[in-house]
Amino acid sequence: MKISIRGPMVLVGMFCLAMIAACGQPAADRSPQAIDPWIRLAPPGAGMLAGYMVLENPADRAVELVSVSSPAFASIEVHRTEVTDGVARMIAEPRVSIGAGERLIFEPGGRHLMLHGPTQALDEGTLVPLELVFDDGTDLQINAIVRRSADTDTDGDPHQHH
Amino acid sequence: MNRPVRITVYVVAALLAALFGVLFAQRMERPPELRALVLEAPRQLPDFALLDHRKEMFGPARLQGKWTLLFFGFTNCPDVCPTTLDTLARAVTLLQDLPAAEQPVVTMVSVDPMRDTPEQLAAYVPFFDPGFVGVTGPMDQIMALTRGLGVAFAYTPAANGDSGSYTVEHTASIFLIDPAGRLAAVFSTPHRADELSAEYRWILGQQG
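Residue numbers (my numbering), protein chains in the order written: chain A, 425 to 586; chain B, 2 to 209.
Hints in this document: simulated from the structure, not taken from any laboratory. Treat the hints with care, as some may be off.
[To be verified] Pair ranges (Cβ atoms, derived): (1) Arg148/B / Ser493/A: 37 to 47 Å; (2) Arg44/B / Asp560/A: 52 to 62 Å; (3) Ala42/B / Gln565/A: 51 to 61 Å; (4) Met140/B / Gln457/A: 38 to 48 Å; (5) Pro127/B / Ser499/A: 25 to 35 Å; (6) Asp98/B / Asn567/A: 58 to 68 Å; (7) Arg55/B / Leu551/A: 30 to 40 Å; (8) Arg44/B / Asp509/A: 13 to 23 Å; (9) Asp141/B / Gln565/A: 42 to 52 Å; (10) Gln207/B / Asn567/A: 42 to 52 Å; (11) Glu41/B / Ser493/A: 20 to 30 Å; (12) Ala545/A / Arg116/B: 16 to 26 Å; (13) Glu41/B / Pro482/A: 48 to 58 Å.
[Said to hold, decoys possible] Which residues of chain B face chain A? A few of them, derived with a C-beta cut under 10 Å, are: (14) Gln45; (15) Gln65; (16) Val152; (17) Ala159.
[Stated by the list, open to error] To spell it out: a stretch of chain A is covered by chain B in this simulated footprint if at least three of its residues, at any positions, have a beta carbon under 8 Å from a beta carbon of chain B; those stretches are: (18) 467-480; (19) 486-498; (20) 535-544.
No experiment lies behind these values; they were computed from the predicted model shown. Built from N, CA and C at the ideal position, the CB exists for glycine as well.
Generate coordinates for the entire structure from the input sequences, incorporating the hints supplied.
Spelled out as structure tokens, the structure:
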């Protein structure tokens, strides 16, 4: 009698564990991700650099990027270059939202991380740690590589990415 | 190799040669979507007296006898200026097959002369290409040149609120100056190295 009750109970317990394992794994994968983060190589002594990447939000709700920091820079802000009548100006984006399942593109001549006051020499190939904090509590640690150019010759042409 | 195979190889080789011929011929024609604004009558520039990054005089005489790609920027600029200088460096590389006299001299004129000394420009501009020239000088002389080209710039406080910290909004177009020192064409953003070099070639070709 006891055995006939415990049998199904064990099965239910195993099923619950399997569900937790199955749900837990995708949940971790559905936090925001950074694709190809890089920083443009700047002349020695330059006080201002820019960083680029693609941020992906695989979750089914929007997230906001609320802060970016790095031990390699005094301060980091999200800015967008906007060209109006040929004049380029920078628009600060203190909180930038990424819709559910959407991508946010940081690219030369567009949205970028404005990296102010490097605290160390940043030679070509250096991996620079960046910490991205989102409003869902995600604390994304990434390494951006220092390089001279974007990978392709479409540098500065936003139409290539659409 | 038997005979049918050899004929096939010859036919394929001939087709490939024809294809390359067509592609090469197209490169010399007018770019299908010429974006550069080419002036029908090149415009004379006003007089100006500036300094290059070697502290040598930079006036209208320095634009004579060569093609110049003129760009306005500042060294505290994170995105637009380094991106444009990098694009120009790659465009110049694509033009290395031209005779020396037809290769453009890239020059960045600072719109932030308070911070951009010749020393500052010397550390910054040639980094992108050793042949690049940085230019700065008194504000009234910079404005003489910017007015002559229709270049706008304005200072705005930095978003982080640092007192004394500011950024510069500025025209991001690239200006082509002909060997007579006149404005010949304007390239507007977004700049691409392959497009810039192809359009530069075409414009030079029009000069006969």
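Consistency of the hints with the structure:
Taking the beta carbon of each, Arg148/B and Ser493/A are about 42 Å apart, inside 37 to 47 Å as hinted. Between Arg44/B and Asp560/A the beta carbons are some 55 Å apart, a value that agrees with the proposed interval 52 to 62 Å. The hinted window of 51 to 61 Å between Ala42/B and Gln565/A holds, with their beta carbons roughly 58 Å apart. For Met140/B and Gln457/A, the Cβ-Cβ distance of about 47 Å falls inside the hinted range of 38 to 48 Å, so the restraint holds.
Take Pro127/B and Ser499/A: their Cβ atoms lie about 28 Å apart, and the range 25 to 35 Å holds. Here the CB-CB span from Asp98/B to Asn567/A is close to 39 Å, at odds with the stated 58 to 68 Å. The given range of 30 to 40 Å is respected by Arg55/B and Leu551/A, whose C-beta atoms sit roughly 36 Å from each other. In this structure the supplied range 13 to 23 Å holds for Arg44/B paired with Asp509/A, their Cβ-Cβ distance being about 19 Å.
Roughly 50 Å separates the CB atoms of Asp141/B and Gln565/A, a value that falls within the hinted 42 to 52 Å. One distance hint, 42 to 52 Å for the beta-carbon pair Gln207/B and Asn567/A, holds here, with the actual separation near 48 Å. Separated by about 53 Å at the C-beta atoms, Glu41/B and Ser493/A break the suggested range of 20 to 30 Å. Taking 16 to 26 Å as the suggested C-beta distance range, the pair Ala545/A and Arg116/B conforms, at roughly 21 Å.
For Glu41/B and Pro482/A, the Cβ-Cβ distance of about 53 Å falls inside the hinted range of 48 to 58 Å, so the restraint holds. With a least beta-carbon distance of about 21 Å to chain A, the hint placing Gln45/B at the interface is violated under the 10 Å criterion. For the restraint placing Gln65/B at the interface with chain A, the shortest Cβ-Cβ distance is roughly 26 Å, beyond the 10 Å limit, so the hint is violated. Interface hint at Val152/B: satisfied, since its Cβ lies 9 Å from the closest Cβ of chain A, which is below the 10 Å cut-off.
Because the beta carbon of Ala159/B sits about 9 Å from the nearest beta carbon in chain A, less than 10 Å, this interface hint is met. Coverage of a stretch by a chain is defined here by at least three residues with a beta carbon nearer than 8 Å to that chain's beta carbons; for the stretch 467-480 of chain A and chain B the count is 8, and the condition holds. Restraint check on the stretch 486-498 of chain A versus chain B: 0 residues with Cβ-Cβ distances below 8 Å, three needed, restraint violated. For the stretch 535-544 of chain A, the stated coverage by chain B is satisfied: 4 residues place a CB nearer than 8 Å to a CB of that chain, which reaches the threshold of 3.
Violated hints, listed in ascending order, are 6, 11, 14, 15 and 19; each of the other numbered hints is respected by the structure.
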